[in-house]
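Using the sequences and the accompanying hints, generate a full structural model.
Numbered according to the working numbering, the sequence shown spans residues 51 to 166.
For the record, the hints were derived by calculation from the structure and aren't laboratory data. Source: prediction; values computed, not measured. Where a beta carbon is used, it is the ideal one built from N, C-alpha and C, also for glycine. You can trust all of the hints, since none of them are fake.
DEER-style ranges, computed between Cβ atoms:
| # | residue 1 | residue 2 | range |
| --- | --- | --- | --- |
| 1 | Phe128 | Val156 | 18 to 24 angstroms |
| 2 | Ala84 | Ser117 | 17 to 23 angstroms |
| 3 | Gln80 | Tyr146 | 21 to 27 angstroms |
| 4 | Glu140 | Val90 | 21 to 27 angstroms |
Heads up, simulated EDC-like pairs for lysine to aspartate or glutamate below, C-alpha to C-alpha not over 20 angstroms straight-line:
| # | residue 1 | residue 2 |
| --- | --- | --- |
| 5 | Lys120 | Glu163 |
| 6 | Lys103 | Glu158 |
| 7 | Lys120 | Asp76 |
| 8 | Lys143 | Asp131 |
| 9 | Lys120 | Asp134 |
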Amino acid sequence: MRILALLTLVVAVVYVPVSSARAQQDTKTQRLTALEAAVVREVNRVRSTRGLKSLRPAPTLRTAARSHTKSMLDDGFFGHDSADGTAFSERIKRYYTSRGWRSWTVGEALLAERSG
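Now the structure itself:
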């Protein structure tokens, strides 16, 4: 019985951090999604004051942005071009094709915040 109790305790200890880590990741994802939505709202607010059409988020561009953000954090740089020198436009083409369009335009806004 003592072995079973110890085994149960060990299993509980192993599973608690995993559940906690998953909850923290879910919270981070929710904050990121909220931040992305807030940026789109603000950009569209500014566009509307200038008589421009609102922009809509594109899932593939969101993926590109998140990937680039991760690269900047992992590789310790900040810029539109990739760490390997790949131009912004080339990086975007990997995620978003011009299929069905004669022309398309894309922009990127980078935001940095010092923590601590």
